[in-house]
Amino acid sequence: METGYISAFWFVVIAAVTVPLMLGVGALLRPKGITTKKGTQAYECGEDPVGSAWVKFNIRFYVVAIIFIIFDVEIAAVLPAATLFREAVLGGQGAFVFAELFLFVALLVLGLIYCWVRGDLEWVKGVTKYAPKK
Amino acid sequence: MPANSALFAQTLTQWTQGTWLATVPLWAWALVSALIIIYMLALPFGGIATYIERKIAADMQDRIGPNRVGPFGIFQFAADAIKMISKEDYVPPGGDRFLFNIAPVLVVVGSCAGFVALPLGQYLVAGDINIGILYIMAVTTLIAPGILLGSWASENKWSLLGGLRSAAQIVSYEIPVALSMLPVILISGSLQVGEIVKQQGWNPADPIHANAHFWNVFHNPFTVIAFFILFVGGLAETNRIPFDLPEAESELVSGFNTEFSGMRFGLYALGEFVDVFVMCALVTTLYLGGWQLPFLELDKFWITLPSGLIALIHVGFFMGKTLLLVFVVMWLRWTLPRLRVDQLMGLCWKGLVPISLFNIVGTAVWMWAFKGQSMIQVLGSLFSGGSASH
Amino acid sequence: MSNGMKLILLIAELVTVGSALIVAINPNILYSAVFLLFAFLGVAVMYLFAGADFLAGVQIVVYVGGVTILILFAIMLTQWLYRLKLKDIGSKFVIPGVVLALGLVPFLHRGLTELGKMIQATPPEKMAEFAASPKTQAIGKALLGTHVLPFEAITILLLGALVGAVWLARPRT
Amino acid sequence: MNVLDFANSIEGYLLVSSVLLILGIFAVLTRKNAIGILLGVELILNAAGINFVAFSKYHSAALEGQLVTLFLILIAAAEAAVALAIILRFYRLKQTIDADEASLLRH
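For the record, the sequence lines run as chains A, B, C and D.
Just so you know, we're using numbering that gives the first Met the number 0 here: the first sequence kicks off at 0 and counts up by one.
Just so you know, we're using numbering that gives the first Met the number 0 here: the second sequence kicks off at 0 and counts up by one.
Just so you know, we're using numbering that gives the first Met the number 0 here: the third sequence kicks off at 0 and counts up by one.
Just so you know, we're using numbering that gives the first Met the number 0 here: the fourth sequence kicks off at 0 and counts up by one.
Hints are supplied without guarantee of correctness; some may be wrong.
Just a few of them, taken from the derived set where beta-carbon distance is under 10 Å, the chain D residues facing chain A [to be verified]:
no. : residue
1   : 76
2   : 79
3   : 80
4   : 83
Label pairs and their computed distance ranges (CB to CB) [to be verified]:
no. : chain 1 : residue 1 : chain 2 : residue 2 : range
5   : B       : 87        : C       : 123       : 31 to 39 Å
6   : B       : 47        : A       : 90        : 42 to 50 Å
7   : B       : 24        : A       : 27        : 29 to 37 Å
8   : B       : 43        : C       : 113       : 53 to 61 Å
9   : A       : 91        : B       : 336       : 45 to 53 Å
10  : B       : 81        : C       : 155       : 21 to 29 Å
Hint data in this document are derived by calculation from the structure and do not stem from the laboratory.
For every residue, glycine included, the Cβ atom is placed at its ideal position computed from N, Cα and C.
Could you put together the complete structure from these sequences and hints?
Here you go:
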């Protein structure tokens, strides 16, 4: 294993330790005995919060996440082939790698066109459809 | 034979040759390099950036800005830090204490760990690992779950809405960002950041002409577009204006960090600024030649410069380019209005993603047609009658 | 490999197992999802130590950055259903579940103890050389060479999954 | 055998993988919540991935195991997307995500 990962390990450890460290330093420095009164509420512009804070939200967030994960996976899958492209081009045999890359882009474009045409990328579509007719 | 890619630690080892520090093992130097970069670069930058941002804002709005603490108010960030540290450590009573505590850790780790693969100088990169770009993509994904969990744990409607927007925005814009890194990978044939920067030098005497092709942003017309897409996507991933919907103060109070106060808020703000730096440094590394100077190679200069001076010049150029981009980020804040949610998603999926897919094909065709040479090299070989091409 | 590195691997394995335990038995589904994130990270470190650097990166990008976000969205979207009855464990299959899970233990134990005899011995230096070699380009060559057919099949499957999942998730009137 | 060496051996990897498998099966069978079942499935898939990677290093010192794991991760992501979309659909139809309620082959 490369030694660079040792650095990565220390970075993660130090960054993770920094958070409790700073909060701990604060606990030592700050004046004692002054605490917010119990029974404080969530800050919603001074009004009393109505209902649970864990509201139901727009399902569009979820559809976007689904589209994202498929694109993300496709990109991860094409990275190894992409690193070979330069070598193949300089060696005069780029056609195969190029075909592979083109297929990758074509599949992503197809998926994107499907989502676009069927309106999954329209953020406000659901709202306007359910809005009461005048 | 395992490759030694902890270049920063290795450099420290070499500099301390012959002193009493020579017996310190590599892992300890790796720890030292992590301490140096996080505590002397990342976190101070996060602090000073708040001061710089306020000063820039003041200049643009014809105000004076912070001017009380120290000369030109330069110690304002220290005063802010002391204020935040000494504030009450507040956890919302209805919220989820465990998730509330763990969320800032994820955000800070996600932004600080990205520094590992950023080459500050030729030999000043903490870990030049061979999946460098993938590594940076991987660690920065920790930020989105951190923001989402923190907003959930706050038990506040504004927080939750801000967190959901933020997560959706970060994951959406990760696609154009990743797609805009692909042209660089096609050009360089490597995920290793050190290798990518090395190829962006200028060396017409190189036997394989394509090995040193000047900055990637000028490699072909498509990479110019990809550079801008990467920058815009980076703005959105770091929740900066004009993409600051997650913390839009006019509609969501303060967004996902509404309930975070004192040092907890400080850590979020710090994480955000560090993330801005990582993003700008990544753009610099991939497209603006990293530590490379335009048209100069200090190693092959007509006088032999001391290696320490070369390292300093490299770091200076890297920081200069990166801070210029950071300045642009702050400049945009006072220039552009905020987008609406539908415009945000539309810009990403209907604008940036198709264009960056087009860029990939375009770059591949260019590479194929011109044997991997850049625009400048092609023009150069045209003027010299094709003699420079191999 | 030095003892310190082995210790890091041991910690990663313990984190993986401990997080998986919490995923399986914690009644609060949100905590299960959060600890699933840590289990994914632990598995990524284990991949790294087994010489699969590229896979470790893909594991984090896909699982932590993708699947976890998706699961968290799903939990937050549906949570008002079960926040009142946090006790999530307790389907019809609790007893079969415990029996089956415990029943697998002797088989796996036997498999593990017999394993040393079953696998062929790989020379340690070959193993170390394999673990140290960079994998990205090698995987790329394999994906474009010997394994091109499953690779293409999977990219097409992903397109199908995108169309199907978006169709299922789309709001209807 | 030293515990550190055990962690770095194929037995250590397979022990982790089998514990993940057992816990995954346990979660799949005992969860009422359909998303909980999905969490269990993810554990099982990761257990399989660990197995392939471990054999790839310790048994054959060849790349095949890693390729299978790569395919596995890619398919697992598609599976998660489709499974969560199905759960969402079920939630909209029945206003519940209790997997025990999903007993009809139609909607």
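Consistency of the hints with the structure:
{"no.": "1", "hint": "76", "result": "4 Å, holds"}
{"no.": "2", "hint": "79", "result": "7 Å, holds"}
{"no.": "3", "hint": "80", "result": "5 Å, holds"}
{"no.": "4", "hint": "83", "result": "7 Å, holds"}
{"no.": "5", "hint": "B:87 with C:123: 31 to 39 Å", "result": "57 Å, violated"}
{"no.": "6", "hint": "B:47 with A:90: 42 to 50 Å", "result": "48 Å, holds"}
{"no.": "7", "hint": "B:24 with A:27: 29 to 37 Å", "result": "33 Å, holds"}
{"no.": "8", "hint": "B:43 with C:113: 53 to 61 Å", "result": "57 Å, holds"}
{"no.": "9", "hint": "A:91 with B:336: 45 to 53 Å", "result": "51 Å, holds"}
{"no.": "10", "hint": "B:81 with C:155: 21 to 29 Å", "result": "59 Å, violated"}
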